[in-house]
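**Q** Given next are the chains, with one letter for each unit.
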Amino acid sequence: MNSEEKIIEVSDLTKDFKEVKAVDSLSLNVIRGDVFGFLGPNGAGKSTTIRLLLTLIKPGAGTIKIFNKHLISERKSILKDVGAIIENPDFYMYLSAFKNLEILNRISGREIGSKRIMETLEIVGLSERADSKVKTYSHGMKQRLGIAQALLHDPELIILDEPTTGLDPQGMKEIRDLITFLCKEKNKTIFLSSHILSEVEQVANRMIIINKGKKIVEGNVRDLLNASDLKVSVEVLEIENAEQLIRQSQWADKLISRNEHTMIFNIQTDEIANLNKYLVENNFSVTAIVPTKSLETYFLKITEEAV
Amino acid sequence: MKTSALKQIIFLLVFIILLSVNGLFSQTKDPDVILNSVKEAFTVIEDYEVDVHIKIDVEFLKVPEGDAKLYFKQPNKIHVESEKFALLPKQGLDFSPLALLDDKYTAIYEGDTTINGIQTCVVKIIPIGSDSDVILSTLWIDQTRDLIMKVESSRKPTGTYTIEFTYEKYQDKYDLPSLMHFSFTVDRMRLPKGMGGQLEAENGKAKEKTGPVIGNVYLNYSNYIVNQNLPDDLFDGPKKEGIKEENK
Amino acid sequence: MIRPLVQIELYKIFKKWRTYIGFIAIGGLVIIIETAMLFEGQKSLDFMTRNLRDSFAFFGNLLNGFLISYLILNMLAVHIPFLITLVAGDLLAGEATAGTYRILLTRPVSRFQVVWSKFLAGNIYTLSLVIWLGIVSLGIGAIMFGFGELIVIGKDSIIILDRADVLWRFLFAYAFAALGMSVVCSLAFFFSSLVENAIGPIIATMSVIIVFIIISAINIEIFRTIRPYLFTNYILSWRLLFDTPVDTAKIVEAVIILLGHIVVLFGITAIIFKRKDILS
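Protein chains in written order, with numbering that gives the first Met the number 0: chain V, 0 to 306; chain P, 0 to 247; chain W, 0 to 279.
Do not rely on the hints blindly, as some may be mistaken.
To be verified - One side of the interface only, derived from the structure: several residues of chain P facing chain W at Cβ under 10 Å: (1) 60; (2) 63; (3) 77; (4) 85.
Said to hold, decoys possible - For lysine-lysine, the following DSS-like pairs were computed, each having C-alpha atoms within a straight-line distance of at most 27 Å: (5) P:155 / W:249; (6) V:134 / W:15; (7) W:154 / P:61; (8) W:273 / V:17; (9) V:230 / V:68; (10) V:68 / W:273; (11) V:98 / W:15; (12) V:213 / W:275; (13) W:42 / V:98; (14) V:64 / W:273; (15) V:114 / W:14; (16) V:132 / W:14; (17) W:249 / P:61; (18) W:15 / V:141; (19) W:275 / V:64; (20) V:134 / W:249; (21) V:17 / V:5; (22) W:42 / P:61; (23) W:275 / V:75; (24) W:249 / V:57; (25) W:273 / V:79; (26) V:211 / V:57; (27) W:273 / V:57; (28) W:154 / V:141; (29) W:275 / V:68; (30) V:211 / W:15; (31) W:275 / V:20; (32) W:273 / V:20; (33) V:276 / V:230; (34) V:132 / W:15; (35) V:17 / W:275; (36) W:154 / P:54; (37) W:273 / V:75; (38) W:275 / V:79; (39) V:68 / V:214; (40) P:83 / W:154.
The set of hints was computed from the structure by calculation and includes no laboratory data.
Idealized CB from N, CA, C, for every residue including glycine.
Produce the complete structure using the sequences and hints provided.
**A** Next comes the structure, spelled out in structure tokens:
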């Protein structure tokens with residue numbers, strides 16, 4: 000099953016920093032040709048996972064295979080075919096963009112001429128500033144240079160960690176288009192990390208959401224975002240009592256979670272009115288009912304918590 | 000009574016002088032005569048130019064053997080030219096019988112002795128007057144050639160030095176030293192701190208050596224050119240750091 | 000792979016302004032010292048040799064390029080290490096500060112290759128700094144004073160070396176000095192692997208050197224016992240080359256001790272670096 004070829008295969012990956020479990024028994028698979036969304040709020044363990052994938056840090060437990068090779072033992076041959084941006088795009092500020100790329104090119108394991116360097120700079124729209132020192136670059140330009148260095152050696156797997164941070168909407172769109180282009184036209188596999196669901200939604204075919212180092216949900220983006228899978232958040236006064244009532248009612252198995260002011264139900268659109276009626280009849284004041292796609296709700300919730 | 004007592008005293012004095020100067024049975028010589036003939040013999044040499052090979056043997060001083068050209072003009076003018084840095088003994092390099100015997104002095108004949116198989120007579124010279132640095136000099140003189148074979152001289156601030164001479168005849172008429180052996184006391188260096196630095200600290204356990212040591216310098220003379228009438232201004236030329244300067 | 004890595008590291012080193020501080024400082028310092036010696040040198044030389052002048056007349060020029068280069072080489076213990084740490088302390092920590100570890104260490108090069116190439120580049124910088132010191136001090140010395148016999152004034156000896164017998168000693172002395180400075184470079188490099196800013200390694204290295212020198216200078220029994228174990232004690236062993244005869248055994252011993260320091264320091268650094276989690 001060539002189409003199901005696993006490009007990244009992570010199993011039971013764990014990394015502790017002193018007391019904190021940054022990554023907790025994480026398993027995931029990225030299939031060739033995927034634009035794989037790696038979602039989670041800030042501090043969820045996304046960057047740690049990416050650093051583990053790129054051997055910047057060593058795992059506490061678990062295994063990582065990339066291109067079906069063990070990362071630890073075949074690090075060099077794997078990294079030849081991986082391009083990455085990790086967090087902020089940092090470069091040698093005292094060197095020009097061209098020189099930065101030239102340096103990285105020389106140790107990329109694939110000697111590519113300066114023509115390719117200029118081409119790559121052209122792709123990200125920096126060819127005119129190729130000879131300017133990076134310290135004169137804006138954040139957005141550095142971000143684009145970051146993408147350029149990830150693409151430079153024409154890798155099979157491209158790992159992008161928050162690639163649109165600090166970009167204007169136009170810039171964001173360009174990145175999205177680029178990702179689609181790389182995947183569709185160049186048959187690259189892309190591992191896209193982000194804390195913004197909508198960003199992933201638009202380009203990814205599969206995704207995973209993690210929080211506190213753990214996997215929350217994994218699957219096809221389309222499935223996960225399926226409109227039928229509606230989640231409804233209901234805001235009620237005296238929520239403890241309301242929850243008690245619900246737990247003893249026919250709605251009990253539809254209640255997913257509860258926080259300070261809201262209960263979240265997994266119900267169909269036509270059931271919303273009945274639920275409202277039930278609560279009101281039992282003398283609860285319903286202050287708001289918001290139907291959302293479940294993933295978005297969920298994601299917003301954990302993102303808020305993280306903030 | 001009085002006259003016989005006086006006679007006795009005079010007799011005693013003469014006896015003591017004779018005893019101390021010559022020994023009772025040795026032949027008494029007139030030191031001035033001896034010195035004058037040395038002087039006389041040396042006056043035939045107006046000036047000379049000579050190559051000097053210098054070998055210094057001082058315990059704390061490691062200096063490679065060197066060569067210099069030395070110019071001499073009566074009575075005691077010295078000019079040294081050296082391509083390389085050269086150290087020469089300060090005391091006695093300008094030694095010349097004429098200079099030594101120029102000032103007023105008292106000479107005492109002390110008897111004869113043999114140096115390196117050569118019969119010499121020993122004459123002590125005590126300068127008169129306080130302007131001289133020399134306290135006492137002793138000369139060992141080869142009377143057959145009227146040459147000074149050895150000098151021992153005590154000077155006020157720097158102590159005693161001796162010079163031993165070996166002569167050769169040049170151009171069949173000039174007896175000039177072919178070798179001078181200087182021997183003198185040298186104070187160990189007491190160096191300002193900070194020059195030494197860490198390396199010496201390493202050796203700090205070793206006891207610090209102090210006090211004067213005996214230094215020996217051997218000068219080999221060759222290629223004399225005698226009496227070429229060296230101009231006077233050669234001796235006050237640009238090489239100021241000579242004996243003249245040092246002696247001021 | 001090492002060659003391009005070393006070239007890259009050298010390129011980065013020599014693209015940084017701070018790299019030139021060392022060269023400028025040494026050049027300036029040498030010019031200042033040699034100019035000062037032009038005016039005051041004879042006086043201090045006379046002072047240093049005053050005892051000898053009681054017994055000897057001096058002919059010729061002792062205040063020459065060799066003497067001044069010799070005196071300048073004595074600065075090595077404190078001044079030049081500072082200039083070396085400026086660069087060597089930055090080699091690893093600088094990448095951490097700049098965040099460039101992330102692009103460097105995600106390439107198909109091993110961590111050991113990276114740390115080794117940086118170490119080599121740091122040592123090449125160190126070597127070039129010492130060579131520069133030699134060139135300017137001997138060069139400017141030759142122009143301003145010319146060459147002549149070298150007088151070396153030790154604690155209880157004075158050595159005068161024939162001018163023809165000096166240059167080889169300087170060549171070996173600079174080589175030895177480079178080795179000593181390489182220990183300083185290795186130490187700064189080691190500290191550089193521990194932290195994520197370049198100031199720390201500079202301060203730490205200089206502190207170690209200054210403390211060691213102070214311990215060397217204080218004449219207390221306990222300090223005397225530990226003195227042979229301090230590398231600073233051997234940094235100035237190049238002076239042994241200006242003795243006659245040269246105490247080869249002692250120099251070899253010093254070379255072995257210094258090499259040992261370099262190997263151990265680099266070894267520890269390499270291990271730390273290999274195990275390091277890059278979080279910057």
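**Q** Now tell me if each hint is right for this structure.
**A** Do the hints match the structure? See the list:
no. : hint          : in the structure
1   : 60            : 5 Å, holds
2   : 63            : 4 Å, holds
3   : 77            : 9 Å, holds
4   : 85            : 4 Å, holds
5   : P:155 / W:249 : 44 Å, violated
6   : V:134 / W:15  : 13 Å, holds
7   : W:154 / P:61  : 13 Å, holds
8   : W:273 / V:17  : 19 Å, holds
9   : V:230 / V:68  : 41 Å, violated
10  : V:68 / W:273  : 21 Å, holds
11  : V:98 / W:15   : 14 Å, holds
12  : V:213 / W:275 : 24 Å, holds
13  : W:42 / V:98   : 54 Å, violated
14  : V:64 / W:273  : 20 Å, holds
15  : V:114 / W:14  : 23 Å, holds
16  : V:132 / W:14  : 11 Å, holds
17  : W:249 / P:61  : 19 Å, holds
18  : W:15 / V:141  : 20 Å, holds
19  : W:275 / V:64  : 21 Å, holds
20  : V:134 / W:249 : 51 Å, violated
21  : V:17 / V:5    : 32 Å, violated
22  : W:42 / P:61   : 22 Å, holds
23  : W:275 / V:75  : 17 Å, holds
24  : W:249 / V:57  : 46 Å, violated
25  : W:273 / V:79  : 19 Å, holds
26  : V:211 / V:57  : 18 Å, holds
27  : W:273 / V:57  : 10 Å, holds
28  : W:154 / V:141 : 61 Å, violated
29  : W:275 / V:68  : 23 Å, holds
30  : V:211 / W:15  : 41 Å, violated
31  : W:275 / V:20  : 18 Å, holds
32  : W:273 / V:20  : 22 Å, holds
33  : V:276 / V:230 : 18 Å, holds
34  : V:132 / W:15  : 12 Å, holds
35  : V:17 / W:275  : 15 Å, holds
36  : W:154 / P:54  : 23 Å, holds
37  : W:273 / V:75  : 14 Å, holds
38  : W:275 / V:79  : 21 Å, holds
39  : V:68 / V:214  : 23 Å, holds
40  : P:83 / W:154  : 25 Å, holds
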